[in-house]
Amino acid sequence: MNRNSWTFCDGNGRLDRAAPTITRRQAIVGAASLIAGGVWWAGAKSALAQGAFRSDGGDGPVLVTIFLRGGADGLNIVAPYQEDDYYRHRPSLAIPAPRSGKPETKRLTDLDGFFGLNPAFLPLFPDFAEGNLAFVHAIGSGDTTHSHFEAMSTMELGLLNQSDRVSGGWLARHLNSTPERQAPLRAVAFGGTMPDSLSGAHGAVAVNSLADYRLSDVEPEWRQSLERLYSRGDTEIAEAGRDTLRVLRILNSSDPRDYRPENGAKYPDSPLGKALKETAFLIKNGVGLEIACLDSTGWDSHITQGSVDGWLFELLSDLARSIAAFRTDLGGEMRRVVVTVQTEFGRRVAENSGLGTDHGAGGCMAVLGEAVSGGKIFGKWPGLVNDRLSGPGDLAVTTDYRSVFSEILQGHLQNQNADVVFPGQSHKPLGILG
Amino acid sequence: MKLSRREAIALAAAGAGAAALGGCNQAVSAAYNSAREPISPPNLGDSEPVSILNRFGFGPDSASVSRFKELGREQWIEEQLNPSEAIPAHLAARIGRLEIYHLGPWDLRDWKEDAVIAQMQQNAILRATYSPWQLQERMVDFWTNHFNIFTKKGLAVYRKPWDERNVIRRHALGKFPEMITASAKSTAMLLYLDQQNSTAAHPNENYARELLELHTLGVDGGYTQKDVMEVARCFTGWSEERGFLKKKGAFVFRPEIHDSGSKTVLGQRIPAGQGIEDGEAVIGIVALHPATANHITRKLCGYFLGDEHHSVQPQLAKVFIESAGDIKSVMRLILAEFPSGAGPVLKRPFDYVVSALRATDAATDAGGPIQSALSGMGQPLYLWPMPDGFPVETAAWTSSLLGRWNFASTLAKNGFGGTRADFERMRDGRTAVDGTAIVFRRPSDSDDLSGLAKAASRKDLAGQVALALASPEFQWR
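Protein sequences appear in the order of chains V and G.
The first sequence begins at 1 in this note's numbering and counts up by one.
The second sequence begins at 1001 in this note's numbering and counts up by one.
Since the hints were derived computationally from the structure, they do not count as laboratory data.
In this text the structure is predicted, and so the values were computed from the model without any measurement.
Heads up, some of the hints might be wrong.
Below, computed lysine-lysine pairings styled on DSBU-like, alpha-carbon distance capped at 35 Å [as the list claims (entries may be wrong)]:
#  : chain 1 : residue 1 : chain 2 : residue 2
1  : V       : 266       : G       : 1248
2  : V       : 106       : G       : 1299
3  : G       : 1413      : V       : 428
4  : V       : 102       : G       : 1112
5  : V       : 102       : V       : 284
6  : G       : 1247      : G       : 1318
7  : V       : 284       : V       : 266
8  : V       : 380       : G       : 1226
9  : V       : 266       : G       : 1112
10 : G       : 1069      : G       : 1153
11 : G       : 1226      : G       : 1112
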């Protein structure tokens, strides 16, 4: 069986799913202007506990992006088990088909009769079954360099190709094009350096861990001196200093180390698990968080990639368990959250002699949330027959990754300036948000 | 790469903490202090050595400013371009005790990974802080990132000290083709980029791709995917020794897995029937290619002169080719160009930490506490997981400010174990000299610093130093 194309834009998805309610956060704006006016937030007085940042009835929409660095193997996340070529190209890496007689943890779980889900991803299968998780296959940018750095930066800048020029990251352009949404902490990236997607953003910070985000010198005088030093100047560093001080004020009023996940959620003790837990803390504490950028690294599987076990399996398992814990922990708040999982490119269809795969093209993306019209695999499937492959033997890219993000931008983040964020583009929505 | 960057950072921090130095260090510390000349007062009002040391070194300390004034600009530059082996006794005493630099990969296999990394970090910080050959140390930093190796990949950590000595340090101001050849035979690099198992039947493209994209031609250097695959074929068999009782981890060519068919790389035919010569031929084709000249000189401009477009770059590329990749000749021209074509350059955390130690003439063992602070700012040395090296862009580092502030405050309070600075001694009885003047080696009532001095006006000298180090001004070169 070979399926060349399909669309799932059927327009009659889940009727009971209301669009997330978008509220303007007057309370947040008020709090922010108080800070701007020079009101000092004493560390002992918990602004969070007082609900100072929280508007009534919850907060606005949130996008959580998880970037799998290194080029994750989409063909082994959502595998086209009905294609004989999948097994032909990957004698040692392919995952056994759903009806291969193997136990559930050693084979694919059927998704739609054509694709099957990697057993490491089983913690999220219920979300797919309930229609809250969608995959988009054969997705990517126009980048053909096979360079991690070019491909990542292309996506983070929101481009099709590097030859197009824009200033800053696409998430930064989103934030900067909606300046009316003032909030103490609109965007956070987990990591030691600011990712390209938030490059040039106002109101964004990068942190290794919220729990460590502390001034070691507790003298108020030292902090006030810093405020003075950074009160002037418009260099990137002066602005970053003001952002940093603002975030310190917020975090000083509540301690992320005291945060206890709800609903029995158990986060893996991994960097991704910890970052998602801290993201949940921020979302629940109503600081006006709109964007969270998380990374998972180590997906560059040139050697010993593994199949239903091994290190790619472990990475996928960590990813799925982390997201599942996050979704469980958020409970009702999940209504206003969309989680995306992307990578810079997929991997070569055929395995190499190191029992790994080299850099490819078409990848697989996941989108999770109650607003998602899930339970489906979106995109046009190009197939794995040799003459359908692109470049040196790659899954062809048939969907521009920006179609997904521009739909989320307009439908979920309620940004009416999509042409500023993705200039000159008119992306046809795939219908992922129903 | 099995570890994420954050795990790597966490591990580095833990390893650094565990490597806190023992009692014998106190003796070295005492030797350090007694061996030092009396501290001269800050060279106020003398901005040429300060600005050149900021750009081409890790910032001014008292000794380097004195040396600059003694020699004058021209001679100082020539001296920096031709570093000798001579280093101060206190530095020699410290780095002489770092065992990993006396051992090959085959000797290191019983070591704990984190202990190796801690010694490498210690070496880098000590040399950058105290070596009189400041330009050489900046070049080492540049090439360490250009040929980045994530030491938590496989067993790369045991091979990296050899790589650091024989690839990076040996050729830092040498000839680029020799450096590329050394790097291609570095088993740390080959292991990091999955080269050692690449076979004729199924060549692995990872090393071939990064050789072209990052090490030589640059991503826009005109090569194709086909070239990547041909280069991968050329390098099959470039591997490492594994034999029983052999020097495990040393470079070896394995003819039995080499693809000896003919290949074409960038339009040049490489004949069939060769062995290791195929890879050497590739190096011959790419090392002095015009695209390589552009790629390397563009990166050097960005690193030393700032982000903007540089009119001197085409001239640098010409010198690169005419001098057969002589890095010294290229650097001589960049130094001559400064300051006319230079924009602001943000210090990366490593630059920041070292320049702060130098500005305060601090005595440090560069041990666990300093290494942890550096990791916390997002730059754990030798632990960047991708082959492109730590970013240079300002935007990547804006979020490291909190770590810098905490570093400044702890350093000024002498709160790092193994590190001490004596500000009163630096002031040397000149009561008018405040913390801002000490840190910047300029009068604090100068046009560019008066605002800072006012904002940083605190009663205690240490507090003034802390604020000067934490200021926006000190974050830039």
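To see whether the hints hold, each was checked on the structure:
1. 266(V) - 1248(G): Outside the cut-off at roughly 43 Å; violated.
2. 106(V) - 1299(G): violated, 48 Å
3. 1413(G) - 428(V): Roughly 59 Å separates the two Cα atoms, so the pair is violated.
4. 102(V) - 1112(G): violated, 40 Å
5. 102(V) - 284(V): Given that 35 Å is the threshold and the Cα spacing comes to 41 Å, the pair is violated.
6. 1247(G) - 1318(G): Judged against 35 Å, a Cα distance of about 41 Å means the pair is violated.
7. 284(V) - 266(V): holds, 17 Å
8. 380(V) - 1226(G): holds, 27 Å
9. 266(V) - 1112(G): Holds, because 32 Å separates the two Cα atoms, which is no more than 35 Å.
10. 1069(G) - 1153(G): Outside the cut-off at roughly 45 Å; violated.
11. 1226(G) - 1112(G): violated, 41 Å
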